[in-house]
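First to last, the sequence lines map onto chains A and P.
Residue numbering for the first sequence is 1 to 345, as defined by our numbering.
Residue numbering for the second sequence is 1 to 564, as defined by our numbering.
Heads up, a few of these hints could be off.
[As the list claims (entries may be wrong)] Pair ranges (Cβ atoms, derived):
| no. | chain 1 | residue 1 | chain 2 | residue 2 | range |
| --- | --- | --- | --- | --- | --- |
| 1 | P | L377 | A | E34 | 31 to 37 Å |
| 2 | A | E338 | P | I132 | 53 to 59 Å |
| 3 | P | G53 | A | N107 | 23 to 29 Å |
| 4 | A | E113 | P | F41 | 37 to 43 Å |
| 5 | A | K330 | P | V30 | 35 to 41 Å |
| 6 | P | I132 | A | T156 | 33 to 39 Å |
| 7 | P | L200 | A | D153 | 52 to 58 Å |
| 8 | A | E338 | P | F137 | 52 to 58 Å |
| 9 | P | I132 | A | D119 | 53 to 59 Å |
| 10 | P | F137 | A | K165 | 19 to 25 Å |
| 11 | P | V30 | A | T246 | 51 to 57 Å |
| 12 | P | F41 | A | E338 | 42 to 48 Å |
| 13 | A | A151 | P | L303 | 49 to 55 Å |
[As the list claims (entries may be wrong)] Derived lysine to any residue pairs resembling SDA-like cross-links, with alpha carbons at most 25 Å apart:
| no. | chain 1 | residue 1 | chain 2 | residue 2 |
| --- | --- | --- | --- | --- |
| 14 | A | K205 | P | F66 |
| 15 | A | K167 | P | L129 |
| 16 | A | K345 | P | F222 |
| 17 | A | K202 | P | Y59 |
| 18 | A | K205 | P | S149 |
| 19 | A | K150 | P | R131 |
| 20 | A | K165 | P | E140 |
| 21 | A | K150 | P | E338 |
| 22 | A | K165 | P | L144 |
| 23 | A | K316 | A | L124 |
| 24 | A | K167 | P | F128 |
| 25 | A | K274 | P | G429 |
| 26 | A | K165 | P | S145 |
| 27 | A | K165 | P | F137 |
| 28 | A | K345 | P | V264 |
| 29 | A | K202 | P | Q233 |
| 30 | A | K150 | P | E141 |
| 31 | A | K102 | P | I422 |
| 32 | A | K64 | P | G429 |
| 33 | A | K205 | P | E141 |
| 34 | A | K150 | P | L139 |
| 35 | A | K274 | A | K150 |
To be clear, the hints were calculated from the coordinates, so they are not data collected in a lab.
All residues carry an ideal CB built from backbone N, CA and C; glycine is no exception.
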Amino acid sequence: MEVLMNKHRYVCVLVAILTLSFSVFAQPAKESNELVVYAYDAFCGDWGPGPAIVEEFEKQHGIKVNLVSAGDAVEMMTKVISEADNPWADVVIGITDDMAQKVYDANVLERYESAALSDIPAFLHFDPSYRLLPFDYGNFAFVVDTERMKAEDVPTSLASLVDPKYKNKVILIDPRTSSVGLGLLLWTIEVFGEKEYLTWWKAMKENALTITDGWSSAYGLFTEGEAPLVLSYSTSPVYHVTYEETTRYQTVLFSEGHSTTIEGAGILSSSKQKGIAQKFVDYLLTEAQLTIALANSMYPVNSKTELPAAFDYAPKPQKSLSMDTKMLAKNLDRWLTEWTQVMSK
Amino acid sequence: MREDKNLQYKRFYRVMPLPSAMVLLLLFFVPLFFTLSSAFFTEQGFSFSRIAGVFTDPYTQRIMLFTLLQATLSTLASLLVALPGAYLIATYSFRGKRLILALSAIPFVIPSILVVLGFVIFFGNNGFLNRILMALFELEEPPLSILYSFPAIILAHTFYNFPIIMSLVSSYWEHMDGNCETASYTLGATKAKTFFSITLPRLLPAIISAASLVFLFCFNSFAIILVLGGGPQYTTMEVEIYRQARMLGQSGSAAALSLFSILVTSILLLWYNSTQKRLARSETYRNSNRLNEKKPATLFGKLLALLYTVASFLFILGPIASVVVRSFMASSSRSSAETFSLKWYRQLLSLERATGHMNSALQALSNSLLIALLVALCTVPLALTLSAAIRRKEKKGSMLELFGMLPMTVSSVIIGLGYYLISAKIRGGLLTSYSLVVLAHMVIAIPFVLRTILPEYRKIPDSYIHSSLTLGAGPLRTFLLIELPLLRGAMFTGAIFAFALSMGEFNATLTLANSSIVTLPIVMYRLIGSYNFQGACALGTILIAVCAIVFIVSELAKGGNHGR
Chain A
1 MEVLMNKHRY
11 VCVLVAILTL
21 SFSVFAQPAK
31 ESNELVVYAY
41 DAFCGDWGPG
51 PAIVEEFEKQ
61 HGIKVNLVSA
71 GDAVEMMTKV
81 ISEADNPWAD
91 VVIGITDDMA
101 QKVYDANVLE
111 RYESAALSDI
121 PAFLHFDPSY
131 RLLPFDYGNF
141 AFVVDTERMK
151 AEDVPTSLAS
161 LVDPKYKNKV
171 ILIDPRTSSV
181 GLGLLLWTIE
191 VFGEKEYLTW
201 WKAMKENALT
211 ITDGWSSAYG
221 LFTEGEAPLV
231 LSYSTSPVYH
241 VTYEETTRYQ
251 TVLFSEGHST
261 TIEGAGILSS
271 SKQKGIAQKF
281 VDYLLTEAQL
291 TIALANSMYP
301 VNSKTELPAA
311 FDYAPKPQKS
321 LSMDTKMLAK
331 NLDRWLTEWT
341 QVMSK
Chain P
1 MREDKNLQYK
11 RFYRVMPLPS
21 AMVLLLLFFV
31 PLFFTLSSAF
41 FTEQGFSFSR
51 IAGVFTDPYT
61 QRIMLFTLLQ
71 ATLSTLASLL
81 VALPGAYLIA
91 TYSFRGKRLI
101 LALSAIPFVI
111 PSILVVLGFV
121 IFFGNNGFLN
131 RILMALFELE
141 EPPLSILYSF
151 PAIILAHTFY
161 NFPIIMSLVS
171 SYWEHMDGNC
181 ETASYTLGAT
191 KAKTFFSITL
201 PRLLPAIISA
211 ASLVFLFCFN
221 SFAIILVLGG
231 GPQYTTMEVE
241 IYRQARMLGQ
251 SGSAAALSLF
261 SILVTSILLL
271 WYNSTQKRLA
281 RSETYRNSNR
291 LNEKKPATLF
301 GKLLALLYTV
311 ASFLFILGPI
321 ASVVVRSFMA
331 SSSRSSAETF
341 SLKWYRQLLS
351 LERATGHMNS
361 ALQALSNSLL
371 IALLVALCTV
381 PLALTLSAAI
391 RRKEKKGSML
401 ELFGMLPMTV
411 SSVIIGLGYY
421 LISAKIRGGL
431 LTSYSLVVLA
441 HMVIAIPFVL
451 RTILPEYRKI
461 PDSYIHSSLT
471 LGAGPLRTFL
481 LIELPLLRGA
491 MFTGAIFAFA
501 LSMGEFNATL
511 TLANSSIVTL
521 PIVMYRLIGS
531 YNFQGACALG
541 TILIAVCAIV
551 FIVSELAKGG
561 NHGR
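Okay, chain P solo, but in the shape it has when bound:
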């Protein structure tokens, strides 16, 4: 009888990761294989010559060095901006804190073309910032030339990534107990000494973990470099891969470059994973430290908090707000001045005859919502079952975890290249395109949802599960009655993330849909291409609004569940 149970138990957890493995295999590993295999085949057959050539070419080496350099600087800049914020959020309670946390998730999910657009409108030579300064100081020339340069890349990456570090580090910080620090004070150490010798070392695993994640994103960054960098002198691996493959049709050398790039990112992923484990081990907390939160005591502290909040609001909201503002403007002809107008929203809702790509805007909105909903509903169970298997299998678990996290290391350009090669071979109807898009979005979302659910899963004490099994419940019953209810919060957050990621996804959709499916980011891209920037801004505004709503709802729901 006991043997039987054991067998049933084992079989159950062996089946658990299968669905997600299937999706990953079909939509991630197969395309990746397609991309990479062409690196080894030249006209003369199988050969390593192409790979050797790429690794030893001074041009590639220069690009690789530049890629690493920009990623390092971007990560440092993001840390610099994020850590004070993390401190404020973790230590003080103040009005608007939840709102900041909710808003800080937005940059993460908005497509990079929208970020680029926001940056041009806000920081550009003819952008809001320069126009205000020119009007204020009566200047002839725009005083700030930020864009189309190396600093522009760093700036945009910081915009994108500092919120991630801020929310990851602050949530860890919030949950850290203050006992050691209290002891340190009692023993007469100063505030600064305590911070540097007690708090910072305790925080370090969380900081390193968040920083390596950001490094990974910056390493794989694409559209920002392409548009804001200002030309060939700022070429990264991803941009070069894209050029080789899509423009020059040399999929072989593109594949060799991809291999090089994946090698570096995989090392990073291994490092990230090990920091994650260290984090889980040093996790001694159960509940939030919310009782210890205080209001900023001194005037100086208050000022500092205010200043930081305002500055980061400006930084995040500047480009975003300029997109929103721009969407409410239109001019009757290109030469006349722009005035307030609902033209683009009227076109979007078909209240007015739409011109060009605005025709498909409403269709794109409903497509995006539908696809995102499907992706959210399908990704959560997949990530959940995968987490269940990872948690149970101590040895094979870390392999499985790595497997689930891999899509994060491979940039959308490389995976898009694989889809591109496949889509030249498969030609299906509309349904096929829709299914492929949903599946591809799922592959992109799985690592993030896994990251949301798995840590919570690990926190469920073994004793709960053992008691359930001892009392005669099968593994399925235990899973459904004990584990699932405990994970409801994490599942909800995961679903929100999957939804938002899918709403903003652009590269994979573009390659897979073969222009037969329109989503919000795709129509936005086309509008920008035909220089209807205002129309693109209107769609961007809707995208931002949808994401803001779901994140605020999720923050509120978390608040409601608090203390569970």
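Pulled out of the complex, with its shape left as it was, chain A reads as follows:
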């Protein structure tokens, strides 16, 4: 009896292996009328705008949207480029102006001049060829946990952040892996210039509690109470005011001004569902604006959007900084290498 069972098991396993290995080669096609949308993790997450806007769009248009959480923004972009030969996504959400050059070079996006663009101020149209369309924007800023740092101790400028009294009190993010991290790197170059920015980073290395690979883990550690200051957006407190009714977390305004970032969405040229994809992008730029602004804690791009009072807690900096795209494209790799050299010692 036992022998028989063992024999059975052996045969079963063999059959299982064979079926499994066959199914590897079987490739069922994607459902038609299904839109595949790549977005970065935080967009698709519990508190991100993804789930809500997808549900609403599906209800309105009767189109199934498969929202894929494709890693951090940089990782997502890498994924889109690496899949150029065998594309899956129709729409990609969340490539910022700072890092867009790589995706332009890969030539995977389709030009789309949405009618909604007319309601978006010109300074936000960062891609003159309209491969990426702006859907929200924000300023990089440090956020303070007022329960863990007294008001008089809060830094007032980037330069003052290197003071030894902030040792182990700041959570930073790696510019090689995160768009927010990259934002700070560019911000320091905008403020201190190419000659001095590394001096700031050398000093800052001592003050950083940790340098995480993405915004999510940095902000997670921050809300866990690990450090009182974190690199984020000037709009971050809006989320806490809206959903948690607390003003514990507040934006720190710096005297040097703040770097701006614009998030864009684009349609892949390989998409076979361009019509639906365009509808989705239009939806992002119009009806979804408030949801996106609230959940993403960013400013809406569409000037017709009416902001709730919570946005009073997202002070706009007196001075917005930005960088020339050509200069950025030319130097980015070198800056990242220099940064790595300094920070890895």
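Guided by the hints, dock chain P onto chain A, whose structure is given.
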């Protein structure tokens, strides 16, 4: 007639390793080939320039040195913590010993993201330990800053690995006969002298073998370095490979780095394998030495045993327990204080409307259980047939063994990279994703199950098999009637290990499933990403509970089979 038998015999053992070879080939060597081949192809075609560049770049060399350094220190630290424990377990019998052995297997299988989470909650600036100390001594600032530093890496690696050394060395020690030591005492040597000149040299092969295994794990460590290390100054090969490939999209240089890394780990594997053989050769024992076990005699001995047990319990259980405690806490809003609550478990079981990723928690639990069960059922026969072939073929056996052990040397990052490159080309439905995940978990589990079954297989005396064959049974009949029943215990342990490894697997699942399959570790990862730490803790608690149950059951079953 005899010729015929011989032929049948040979053919049988030639077929035996085929299924496992197929799985390994499909899910290990093909992806590995994909990863590594891009190291040789630049825009100009085939070239060694990239590899030469990586090997001579000072930055890579620095990373390699750091990787070796942290692995060496982690191994030493693990040894330091593990050996006293191994001594206690091997020499004394005391209450809770079986429980310790069962629990010590847990760190090994829980996913590293959970370890990281446990460490932040327990050792962090706002962690349990610091909060207790701050309350006790009325401090303003957290007194212990352990995390985000080099010591944090060593600490986490020790947590992960000392139980492995402890259980491997103690089980060898337990089975060593005490004759030499008795002789030494009779001849007037002191306890210390006997230990250092008799016992330690006899134990050394087991210690080296366990230590080289741990070194391998620390060398390939990934998530711990990434999160607990605190930034670019503590970059290891694996972290750099991950950054190059996934973040910068430079699969070529990532592949060259992988090649470098695999070269080092392969040398280690060869060394490990040779220690394993030495171990098998010096194995003179048959039965456990359980009769010689004694209760701690002196008060000092008792105290020492107690102290060690408490300390290691704290060390293992601190981070784990803080995960469990945290899972029972929730606050109505982020600003109000946390109180006891079953909220996360209610959400998990859909008794309450779940928010965000908690939606998929129940699905993840059932997926994980199903996948782990399949993996356990499929891996054991594969490892069994592979062991059979290895045992029989004396010359080719060691090659086969190496073949089966290779997945252990290649880190999940490198193999994940291969899956990533392949998954960008293959796009199947849900069934394909499930099959790939099961197969990938099998590849990861095979070396460990092989390590469980093969030593037991080698212990079956040749005479049993020869008698069976002489009495006219074919090789299949012999395999099924003689060998299988003798290996039942090892197969069971192997299945438990495969099950637990699959439950905790994260990297390969994430790359292969392409967000279409959720498992417990994946939902946990997403919950952490959207900073729902309590929800992640609830899933972690379930994962730990499932593993604890299967390990305790297996310890009990072993106890029942004892003396067979």
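Worksheet item: If you check each hint against the structure, which ones fail?
Response: 2, 8, 12 and 35
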